[in-house]
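Note that this note's numbering numbers the sequence shown so that position 273 is 273, with each residue one more than the last.
None of these hints come from the bench; they were simulated from the model.
Heads up, a few of these hints could be off.
[Said to hold, decoys possible] Only pairs whose alpha carbons sit at most 27 Å apart, straight line, appear in this in silico DSS-like list of lysine-lysine:
#: 1; residue 1: K180; residue 2: K233
#: 2; residue 1: K180; residue 2: K325
#: 3; residue 1: K180; residue 2: K93
#: 4; residue 1: K230; residue 2: K325
#: 5; residue 1: K325; residue 2: K307
#: 6; residue 1: K93; residue 2: K307
[What the hints assert, rightly or not] Pairwise CB distance ranges (calculated):
#: 7; residue 1: P188; residue 2: V124; range: 27 to 35 Å
#: 8; residue 1: Q323; residue 2: V124; range: 43 to 51 Å
#: 9; residue 1: V277; residue 2: S316; range: 33 to 41 Å
#: 10; residue 1: S98; residue 2: T303; range: 51 to 59 Å
#: 11; residue 1: R43; residue 2: N82; range: 21 to 29 Å
Glycine is no exception: its CB is placed at the ideal position from the N, C-alpha and C atoms.
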Amino acid sequence: MGAFLGRQRQSPDEDIESPVFCYKYPPKTGSYFGTHFMLGDERFETMQPESFLFGENCDLNFLGSKPVQFPYLPRVVARPLNCLIAIRRDSLKFVRVSSEGDSQDESSDFSCQYNIEFVFDCDVPCTITIYYFATEIITSKGLSYVSAHPDMTSSPYRYDVGCNQLFCHPEHFFNPPDYKPEEMNYDPNLEIIPVVIHCVEETENHSAPQSHSTFATIERSTEEHSLILKPLKQKLFIDNVCYLLQEVYGVENKSQTGSMDVATTSNDFDESGVECVVCMSEWRDTLILPCRHLCLCNICAETLRYKASNCPICRSPFRALLQIKSVRKLRPSSAPMLSLSENAEKVYDANILAFSTHKSRI
């Protein structure tokens with residue numbers, strides 16, 4: 001953010017880049033970012049140019065090294081991305097294929113086969129494909145993956161619109177004896193992803209379709225003699241721009257029948273469980289960066305900013321505070337008459353973005 005890295009522009013047919021020559025974070029020499037960054041159409045100075053404000057520096061490697069044209073918008077109230085497909089990260093798992101004479105010795109984890117299961121939601125018809133030991137390619141036609149073992153790539157599975165859908169296909173399985181144990185770990189230098197679950201929307205438009213990708217690694221379970229599928233990262237590809245999904249502890253979107261008004265009682269406030277964990281009186285709407293481990297109200301967050309420099313949970317230094325507000329657009333009948341000189345944001349009414357003790361992705 002705020003950094004402009006010069007690269008030679010290539011033709012559309014030459015937009016496939018070898019991972020060997022890709023720019024890596026953190027770089028061995030040179031500056032990381034610029035002296036400032038833009039957020040919400042405002043300029044903020046970068047206090048530590050060598051650090052990524054919204055996560056770890058190595059997370060930037062998952063966004064690719066090629067520059068893209070970002071869709072800059074005029075100064076309006078920011079709208080969330082319309083994510084049409086989403087895989088529930090915590091539901092991803094290996095299911096051992098049962099067979100006769102299946103032993104439980106220490107070597108059984110690499111001698112048996114596994115199915116992949118997960119739960120996902122989609123607002124459009126989509127196609128799901130699983131790749132093994134794949135590399136990512138971003139072209140003008142969209143996001144795609146190339147597997148080092150094409151014969152192990154699953155068939156495309158089509159799903160209609162629906163929520164809480166279970167991906168379970170016993171005919172497709174992962175066979176560990178076909179691979180070396182060291183290949184099942186992710187190597188940032190090679191950019192070979194052990195398991196990629198790619199969900200692509202079905203569209204008739206000529207533009208690049210929206211897609212959701214979940215990266216996972218394969219590890220040996222310490223409690224049982226089996227292998228586990230561990231989620232690594234999740235990405236969204238919308239309007240030719242890649243977005244890396246980050247987990248935030250304490251953020252949850254709760255249904256709101258309307259904006260918070262005077263009629264709300266204190267009992268309703270206490271039962272909602274969205275008050276600040278420090279003062280227990282204000283709504284929590286501010287999180288600390290880059291670890292994203294703590295959510296507070298804005299007043300307590302500002303107090304913590306001047307009294308402490310480390311996260312109370314992970315003890316790592318935090319460098320900024322991010323306040324998230326939710327607004328609801330008023331209906332034409334309820335919106336006041338505005339002149340052209342008045343601020344257009346007055347057609348929005350403040351709404352509560354609920355923060356709970358569960359983790360979610362924004």
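So if I understand the rule, the pair passes when the alpha-carbon distance is 27 Å or less; does K180 with K325 pass?
Given pair K180, K325 is violated - Cα atoms ~48 Å apart, limit 27 Å.
Within 27 Å, alpha carbon to alpha carbon, are K180 and K233?
At roughly 22 Å apart (the allowed maximum being 27 Å), K233 and K180 satisfy the hint.
Would the pair K230 and K325 pass a check requiring their Cα atoms to be no farther apart than 27 Å?
Violated, because 32 Å separates the two Cα atoms, which is more than 27 Å.
Does K307 lie within 27 Å of K325 when you go C-alpha to C-alpha?
holds, 24 Å
Note whether the CB distance of R43 and N82 lies within 21 to 29 Å or breaks it.
Holds, at about 27 Å.
Could you check the hint for me, namely that S98 and T303 are 51 to 59 Å apart, CB to CB?
For S98 and T303 the Cβ distance comes to about 56 Å; the hint holds.
Status of the given 33 to 41 Å range, CB of S316 versus CB of V277:
violated, 19 Å
With respect to the beta-carbon atoms only, verify the hint that P188 and V124 lie 27 to 35 Å apart.
Holds: the Cβ-Cβ distance is about 33 Å, inside 27 to 35 Å.
Straight-line Cα separation of K180 and K93 no greater than 27 Å?
holds, 20 Å
Quickly compare the C-alpha distance for K93 and K307 to 27 Å and report which way the hint goes.
violated, 42 Å
Within 43 to 51 Å or not, the Cβ separation of Q323 and V124?
violated, 32 Å
In summary, the numbered hints that this structure violates are 2, 4, 6, 8 and 9.
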